[in-house]
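Asks: Add chain B to chain X, keeping to what the hints say.
Spelled out from the first residue to the last, the chains are:
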Amino acid sequence: MIELSDVTKRYPGGHEALTSLNLTIQQGELVFLTGHSGAGKSTLLKLIAAIERPTTGNIVVNGQNVGRMKRPALPFFRRNIGLIFQDHKLLYDRSVFDNVLLPLHIQGMTGSDAAKRVRAALDKVGLLRKEKTRPITLSGGEQQRLCIARAIVSRPALVLADEPTANLDDAYARDIMDMFRAFNEVGVTLVISTHDQELIRRYGGRSVHLAYGKLVAT
Amino acid sequence: MKAWLTHHLHSLKIAAQRFRDAPLATLFTILVIGVAVAMPTSLYVLLSNLDRAAGGVKPQVELTVFIKPDTPERDSQAIAASLAKQDDIARVEFISKAEGIKKLEAAGLSDITAGLAENPLPDTLVITPRDNSPAALDALSSRLESMDATQRIVMDSDWIKRLTALMDLGKNLVFLLAILLGLALAAITANTIRLQIYAQKDEIEVAQLIGATDRFIRRPFLYYGGIQGLVGGITGWLIILLGAYFIEHSVAQVAAAYGASFQLSGLSPTELLPLLGLSTLLGWLGAYFSVNQALRQFASI
Numbered sequence: 001m002i003e004l005s006d007v008t009k010r011y012p013g014g015h016e017a018l019t020s021l022n023l024t025i026q027q028g029e030l031v032f033l034t035g036h037s038g039a040g041k042s043t044l045l046k047l048i049a050a051i052e053r054p055t056t057g058n059i060v061v062n063g064q065n066v067g068r069m070k071r072p073a074l075p076f077f078r079r080n081i082g083l084i085f086q087d088h089k090l091l092y093d094r095s096v097f098d099n100v101l102l103p104l105h106i107q108g109m110t111g112s113d114a115a116k117r118v119r120a121a122l123d124k125v126g127l128l129r130k131e132k133t134r135p136i137t138l139s140g141g142e143q144q145r146l147c148i149a150r151a152i153v154s155r156p157a158l159v160l161a162d163e164p165t166a167n168l169d170d171a172y173a174r175d176i177m178d179m180f181r182a183f184n185e186v187g188v189t190l191v192i193s194t195h196d197q198e199l200i201r202r203y204g205g206r207s208v209h210l211a212y213g214k215l216v217a218t
Numbered sequence: 219m220k221a222w223l224t225h226h227l228h229s230l231k232i233a234a235q236r237f238r239d240a241p242l243a244t245l246f247t248i249l250v251i252g253v254a255v256a257m258p259t260s261l262y263v264l265l266s267n268l269d270r271a272a273g274g275v276k277p278q279v280e281l282t283v284f285i286k287p288d289t290p291e292r293d294s295q296a297i298a299a300s301l302a303k304q305d306d307i308a309r310v311e312f313i314s315k316a317e318g319i320k321k322l323e324a325a326g327l328s329d330i331t332a333g334l335a336e337n338p339l340p341d342t343l344v345i346t347p348r349d350n351s352p353a354a355l356d357a358l359s360s361r362l363e364s365m366d367a368t369q370r371i372v373m374d375s376d377w378i379k380r381l382t383a384l385m386d387l388g389k390n391l392v393f394l395l396a397i398l399l400g401l402a403l404a405a406i407t408a409n410t411i412r413l414q415i416y417a418q419k420d421e422i423e424v425a426q427l428i429g430a431t432d433r434f435i436r437r438p439f440l441y442y443g444g445i446q447g448l449v450g451g452i453t454g455w456l457i458i459l460l461g462a463y464f465i466e467h468s469v470a471q472v473a474a475a476y477g478a479s480f481q482l483s484g485l486s487p488t489e490l491l492p493l494l495g496l497s498t499l500l501g502w503l504g505a506y507f508s509v510n511q512a513l514r515q516f517a518s519i
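In order, the protein sequences belong to chains X and B.
Residues 1 to 218 in this note's numbering are what the first sequence lists, from first letter to last.
Residues 219 to 519 in this note's numbering are what the second sequence lists, from first letter to last.
Excised from the complex, chain X in its bound form:
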């Protein structure tokens, strides 16, 4: 599903975030990206989601060469990926419901079909009762769950999560990991970056360790 070959990412100014990385992730896998902060975990996720382009090397996702994709093709590519951000990136000027509706809206889905899907996604993350509230009134864990609901509402085959549990206490973190495992069990490929070794030990799955932009162990 995801294949990186000899991928290097150098930022303007010379900092090399990833160096000659080779990695293959199969469909349906649950993969943890680990490593110290600055090891290149976020960069790797951004490259897979085509938010950034590799300096050299190839990244193929779903048979598409992401690095060479033309700009007009990017939105359609990203619709197949659920993105979960450490800082949630929620929109505070609209309700919980409308936040989750946005991806469907972008894809041209409206009306009762869309509403049904939004409610199903909110139900999965346990926020159904809060659909009318504003995200700002939610706790950190709830905001992260809302971000997850938004990522899965369009039923993507691949979900990328960047430090989804970083700012959460243990109970919330476990909540969220349980959710991820449930998605994985229905066939969703998940790539989750974290530096929480305890979490990985508890949940198993494949773990890919990065250090200073290089693959250390998978």
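Just so you know, these hints were derived from the structure itself, not from any lab.
A couple of the hints might just be wrong.
Examples of chain X residues lying across from chain B (beta carbon under 10 Å, computed) [claimed, not checked]:
no., residue
1, P72
2, F76
3, N80
4, I81
5, K89
6, L90
7, N99
8, H105
9, M109
10, T110
11, A151
12, R174
13, M177
14, M179
15, R181
Given the structure is predicted, the values throughout are model-derived calculations rather than measurements.
Quick reminder that beta carbons are idealized off the backbone N, C-alpha and C, glycines included.
Replies: Below, chain B alone, put in the same frame as chain X:
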């Protein structure tokens, strides 16, 4: 099709919401656009009114030949008759001394004429040439000049030529002003849209990350720019109406002083609609350029 329509309606709703969110800023922007629209348009209205006031006066050249005072009227008439037969002359009007004085009296100058011992006016021929080109006119006037009975020739086309030239100048000015202020209108819109884009930065970023096309992001801004242009255009029109209302009275007074009745006319529907269309289009274009530039800047790739 239905999804497409809902989409557009939604974009329209977002645009309307943004107007509501910043009513004061919106009001000012629309006023500025209104003034920008009103300036060339009011000049245009002024000119078309002038054109109408001078209406009926075609730039038709007439040559007036004053006959020497000692020429008998019979001779003058004979000259008129022979001139009328010439190929390059369309019409000859003979005005005798007596008719001339009557015309002056009819024009309300009887006080002056009554005080005169004898009629000082000469017999007069008013000649309308067939060919109005300067070369033909020169030839004709020198031929008339060389006649023995000719005292003096006056070509009274000059003021009409000047008026026509002034009107042309005015029209060019309107055109130039319209271009400049049209540019200003687009720039104003581009600027307000830019501010909005920065206010909406998070939303645009998130939308891009979860697969929004440029078109999707652009649409509400385009609606905003178009609506702003349209409302600005209407405001400009209202400014002109208001201005016309204020000067109407003095225009009527001036007209009355000239013994004429004259009604100011505003924009006709066939002028108003293109004006509003143009201001909408310019607002839309300003928004388009602004959003495109921002999209290129934001795009993470």
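Asks: Against each hint, give a clear statement of whether it holds in the structure.
Replies: The hints, checked one at a time:
1. At a threshold of 10 Å, the smallest CB-CB gap from X:P72 to chain B is about 8 Å, leaving the interface hint in force.
2. Using the Cβ-Cβ criterion of 10 Å, the hint placing X:F76 at the interface with chain B is satisfied: the shortest such distance is roughly 7 Å.
3. The beta carbon of X:N80 is positioned within 10 Å of a beta carbon in chain B (closest approach about 8 Å), and the interface hint is therefore held.
4. Given the 10 Å rule on beta carbons, the hint for X:I81 holds: about 8 Å separates it from the nearest Cβ of chain B.
5. At about 5 Å, the closest approach between the beta carbon of X:K89 and any beta carbon in chain B falls short of 10 Å, and the interface hint on this residue holds.
6. Satisfaction of the interface hint for X:L90 is found here, the shortest Cβ-Cβ separation to chain B being roughly 8 Å, below the 10 Å cut-off.
7. At about 9 Å, the closest approach between the beta carbon of X:N99 and any beta carbon in chain B falls short of 10 Å, and the interface hint on this residue holds.
8. The beta carbon of X:H105 is positioned within 10 Å of a beta carbon in chain B (closest approach about 7 Å), and the interface hint is therefore held.
9. With a least beta-carbon distance of about 7 Å to chain B, the hint placing X:M109 at the interface is held under the 10 Å criterion.
10. Taking 10 Å as the C-beta cut-off, the interface hint given for X:T110 holds, the closest approach to chain B being about 5 Å.
11. Restraint check, X:A151 versus chain B: the minimum CB separation of about 8 Å is within 10 Å; hint holds.
12. Against a cut-off of 10 Å between C-beta atoms, the interface hint on X:R174 is violated, since the closest Cβ of chain B lies about 26 Å away.
13. The restraint placing X:M177 at the interface with chain B is violated, with a minimum CB-CB distance near 23 Å, outside the 10 Å limit.
14. A hinted interface residue such as X:M179 counts as satisfied when its beta carbon comes closer than 10 Å to some beta carbon of chain B; here the least separation is about 19 Å, so the hint is violated.
15. With a cut of 10 Å, the hint placing X:R181 at the interface with chain B is violated, because the nearest CB-to-CB distance is about 23 Å.
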